[in-house]
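Enquirer: Below are the chains, spelled out letter by letter.
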Amino acid sequence: MAIVAPGTSGSAAPHPAAVGLKDRWNILLDMPLGEFRSPNAAACAAEDQRSVGTSFFALLVDPKQPIRGAALNLIRMARHPNVLTPVDYGPVDWPPAQRRCLAIIYERPAGGRLAPAADQAIPPWPEQDIADRVVIGLLSGLRALSIENLTHRGIRPNNIFFRDSGRRQAALGDCIAALPAAHQPPAYEPIESAMAMPGARGNGTAADDLYALGVLCLHLSQGTPPGHGIAAEALLEDKIRRGSFNALAGSARLGPALMELLRGLLIDEPGERWTFQDVDLWLQGRRLTPKVTSPAPRAPRPFEIAGEDCFTARTLGRCLARAGEQGVHAVRGHPFQVWLQRSLGDKSITEGVGLALADGEDPATSNAAQDARLVARVVIALDPAAPIRYRGCAVAIDGLGAAFGAAMLAGGDIKPLAEILRARLPQFWCFRQPASRPEFQALLREYDRLRRVLDDLRTGYGAERVAYEMNPGLPCLSPLVAERYIQAIGDLLPALELAAADGQIQAHPVDRHVAAFIANRSKYVDEAAMVAIGSADPTERLLGTLHLLAHLQQERGPPAVPALAQLLGRHAQLLIDRFRNRRTRERLENELAGVLAEASLPLLLQFLDNAQEKHIDALLFSKARNDFGLAARAIDRCEEERAYLPDEAAQTASAIAAGLSMMIGVVAVMASILALGSF
Amino acid sequence: MARPALPAKRPASAGAKSSAAAKQGKTRAGRRRGGGGDTLMLAVSGGAVLFLGIMALPVCILLLAGMAPTIVAYIVDQTPRRTLTLTVGPLNLTGTAPYCLQLWFGADTLHALGAYLTDVYIWLVMYLAAAIGWLLHLGMPLIVRLILEQSIERRKNKLLQIQKRLRAEWGDGVDGTGDTARRES
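Residue numbers (numbering that gives the first Met the number 0), protein chains in the order written: chain G, 0 to 678; chain V, 0 to 184.
Calculated from the structure, these hints are not laboratory results. Don't take each hint at face value.
In silico SDA-like cross-links for lysine to any residue, where the CA-CA straight-line distance does not exceed 20 Å [as the list claims (entries may be wrong)]: (1) K414/G - A441/G; (2) K622/G - W103/V; (3) K613/G - E168/V; (4) K622/G - G105/V; (5) K622/G - Q160/V; (6) K163/V - G411/G; (7) K346/G - A357/G; (8) K157/V - D635/G; (9) K613/G - K163/V; (10) K157/V - K522/G; (11) K155/V - R321/G; (12) K346/G - R321/G; (13) K21/G - G489/G; (14) K155/V - D635/G; (15) K613/G - G172/V; (16) K522/G - G489/G; (17) K157/V - L141/V; (18) K157/V - K613/G; (19) K155/V - A167/V; (20) K414/G - R321/G; (21) K21/G - G89/G; (22) K63/G - A506/G; (23) K157/V - R636/G; (24) K522/G - K63/G; (25) K157/V - P299/G; (26) K414/G - G489/G.
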């Protein structure tokens with residue numbers, strides 16, 4: 000859903016004139032500010048209820064577009080006059096789309112944008128004005144971000160603002176409402192970054208920002224956008240072939256000072272590119288000679304693939320990446336090895352390709368996936384600086400997470416990105432870098448961990464969990480709460496409560512997304528509850544859900560969730576039936592309504608899953624079972640006795656009869672003798 | 000409810016056969032063991048009868064005539080404990096002894112014996128007493144069996160009541176076979 004300005008909404012329903020944010024801000028929906036909108040966000044005027052005098056505007060970010068969540072708080076902390084830093088932010092209701100979205104409040108820059116569009120021609124600026132009004136300010140802003148280990152990755156004419164109405168103090172525009180470099184024109188990105196997909200360029204380094212600053216200076220000095228009218232791919236090819244400076248400024252008329260700056264900033268080798276200190280020295284008037292970078296090794300004869308002649312490893316890598324798994328026959332062939340060793344003659348590349356081919360097959364995957372993996376590894380070995388390219392995806396080493404989140408958010412295909420993780424391509428990319436950087440170790444560990452999480456199919460893990468792990472600002476994407484734009488774990492339960500109250504949740508309130516979101520954002524994760532939620536047994540699943548949500552309510556509130564309690568209470572019979580004792584079950588059934596009225600999930604959990612009560616029930620049941628068994632055995636003995644009864648009865652009866660007879664006989668004889676004696 | 004499996008019973012025919020064989024064996028053994036005793040008893044009885052015949056012939060004849068059912072019982076009784084003889088004998092003696100005593104203490108002559116032997120009433124009393132002994136021997140097992148069966152039935156009913164109460168209290172699972180059915184339901 001592309002976000003629309005309130006005035007352009009097609010909905011006939013009346014919308015409120017303003018929405019509130021954190022009891023402080025009023026975002027005036029009836030005052031859209033087109034001059035401040037960004038590609039992913041509409042802009043509206045905002046009022047601060049606590050103070051007057053300063054003008055603010057709010058960017059209302061399209062909830063279907065990913066943001067730089069990890070950088071949001073850091074940039075907010077790094078307040079600087081030359082950076083448009085968020086004053087506040089949070090989710091707000093967005094009536095035109097009938098859902099919630101993220102609002103970011105900024106102080107309104109009085110001088111407006113530098114240019115209305117990045118690809119629009121502007122009147123050329125004098126070199127001195129470029130240095131004084133743009134370079135000084137932006138350099139200061141970039142340096143401030145660099146101190147916080149942040150990059151801007153959005154330097155383009157329509158994202159540069161002037162703080163003052165005289166348009167003398169330039170400030171970097173918003174860099175939160177979109178992924179890094181996602182909306183940069185092709186000319187503004189270094190070669191490696193431009194090779195990556197727009198949403199997968201990663202945070203990059205300060206060198207990338209300085210490159211964009213150089214292109215901006217070129218744009219201002221010439222008036223026409225660099226590379227204007229040239230297709231992105233053709234411009235990239237030209238940059239690769241001739242170098243960025245020649246491709247962008249080869250035919251431009253530049254003063255010697257500005258040319259020196261541009262030569263320094265447009266060096267394609269990031270390590271050789273000018274740094275903040277170099278630009279500072281240039282601003283102070285010291286003239287530096289940019290280092291001349293040696294061109295990439297060029298083979299005397301080409302290697303032909305898919306009808307294209309490739310003379311360098313980079314062009315061959317690009318051709319192979321375009322060919323995908325079809326290129327596997329070429330890389331496995333003998334001519335390829337011969338060309339690498341005899342024509343290209345770069346030992347590092349030859350060694351890398353050897354490694355890529357040696358460990359490139361993973362028996363756990365299909366043939367096509369194996370081929371794609373092998374080609375991707377060879378492409379990395381041929382051009383280690385380029386992004387990871389796999390099955391049509393091109394992602395920077397630090398852009399995989401953003402691409403994953405964006406694909407998940409848009410409901411797109413995450414399979415190639417997941418396969419990149421499974422194929423351990425990021426790890427291979429790190430290994431093939433000529434110079435090891437400290438962050439590579441952390442990246443290696445992180446990607447290994449994420450691969451394990453991805454392969455874990457339990458609820459709370461898998462692709463959903465990876466998306467949340469790699470994107471700290473990603474809202475919960477569960478269909479149950481997606482419209483409420485839940486970024487913080489504390490907002491999840493109230494959102495689920497509202498969804499339950501609205502009747503949107505019919506059965507279980509915890510799906511794979513909710514579970515993964517809780518697992519990622521909550522400090523404490525009950526693994527047993529996660530396992531139970533994924534169980535096919537409805538009782539186990541209900542119990543896991545209750546455990547997870549009860550813990551969430553206990554930790555984060557709110558104090559009462561009547562709709563959720565009723566929802567889970569409807570299935571409580573499953574848990575009551577776990578008790579064996581009839582009277583216990585009857586008691587629980589009778590008391591359930593009272594517990595549900597409390598609207599407390601921890602209380603409900605304690606009521607339905609009381610450990611002591613379960614223990615007593617189990618003990619008594621065991622005793623009853625034992626008694627039943629004893630009775631059954633006694634009944635069996637009765638039956639056995641009945642079988643032997645005739646014999647037993649005959650023996651006993653004979654003895655009784657004989658005894659009785661003898662007794663009568665003795666008495667009778669004695670009586671006879673006595674009777675005769677009396678005569 | 001299915002009750003736990005009963006202990007395997009012996010096959011009825013095999014049980015009967017083995018029981019009969021055991022009984023026969025016991026009888027033979029009893030005879031062998033009691034063979035000496037029987038002979039001694041027969042010798043003593045014979046001696047007593049001979050002595051009685053010499054001392055009081057009419058009493059002896061009356062006694063032999065009156066105790067004829069007991070003699071028959073002794074002959075037909077094959078049980079080791081001779082329970083039929085022990086049942087019929089005392090009651091037979093009950094019917095015979097008064098007349099023998101009358102003869103002993105009265106006119107102990109053959110003439111008087113003739114009067115006794117021709118009196119149907121005396122024969123009736125002596126043999127009726129023996130018949131009561133026979134009836135007691137035949138009827139007592141039925142009575143005892145009835146009483147024992149009632150006792151077993153009462154005990155079984157009490158146990159079934161206990162099981163019914165347990166099942167009502169704890170459900171079908173209490174018999175150890177209902178768990179699966181309960182889970183499936």
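Enquirer: Next step is simple, just say for each hint if it's right about the structure.
Expert: Results of checking the hints against the structure:
no.: 1; hint: K414/G - A441/G; in the structure: violated (24 Å)
no.: 2; hint: K622/G - W103/V; in the structure: violated (75 Å)
no.: 3; hint: K613/G - E168/V; in the structure: holds (16 Å)
no.: 4; hint: K622/G - G105/V; in the structure: violated (78 Å)
no.: 5; hint: K622/G - Q160/V; in the structure: holds (17 Å)
no.: 6; hint: K163/V - G411/G; in the structure: violated (61 Å)
no.: 7; hint: K346/G - A357/G; in the structure: holds (16 Å)
no.: 8; hint: K157/V - D635/G; in the structure: holds (13 Å)
no.: 9; hint: K613/G - K163/V; in the structure: violated (23 Å)
no.: 10; hint: K157/V - K522/G; in the structure: violated (59 Å)
no.: 11; hint: K155/V - R321/G; in the structure: violated (86 Å)
no.: 12; hint: K346/G - R321/G; in the structure: violated (24 Å)
no.: 13; hint: K21/G - G489/G; in the structure: holds (15 Å)
no.: 14; hint: K155/V - D635/G; in the structure: holds (9 Å)
no.: 15; hint: K613/G - G172/V; in the structure: holds (16 Å)
no.: 16; hint: K522/G - G489/G; in the structure: holds (12 Å)
no.: 17; hint: K157/V - L141/V; in the structure: violated (24 Å)
no.: 18; hint: K157/V - K613/G; in the structure: violated (30 Å)
no.: 19; hint: K155/V - A167/V; in the structure: holds (18 Å)
no.: 20; hint: K414/G - R321/G; in the structure: holds (18 Å)
no.: 21; hint: K21/G - G89/G; in the structure: holds (8 Å)
no.: 22; hint: K63/G - A506/G; in the structure: violated (26 Å)
no.: 23; hint: K157/V - R636/G; in the structure: holds (14 Å)
no.: 24; hint: K522/G - K63/G; in the structure: violated (27 Å)
no.: 25; hint: K157/V - P299/G; in the structure: violated (105 Å)
no.: 26; hint: K414/G - G489/G; in the structure: violated (31 Å)
Comparing the model with each numbered hint stated earlier shows that hints 1, 2, 4, 6, 9, 10, 11, 12, 17, 18, 22, 24, 25 and 26 do not hold.
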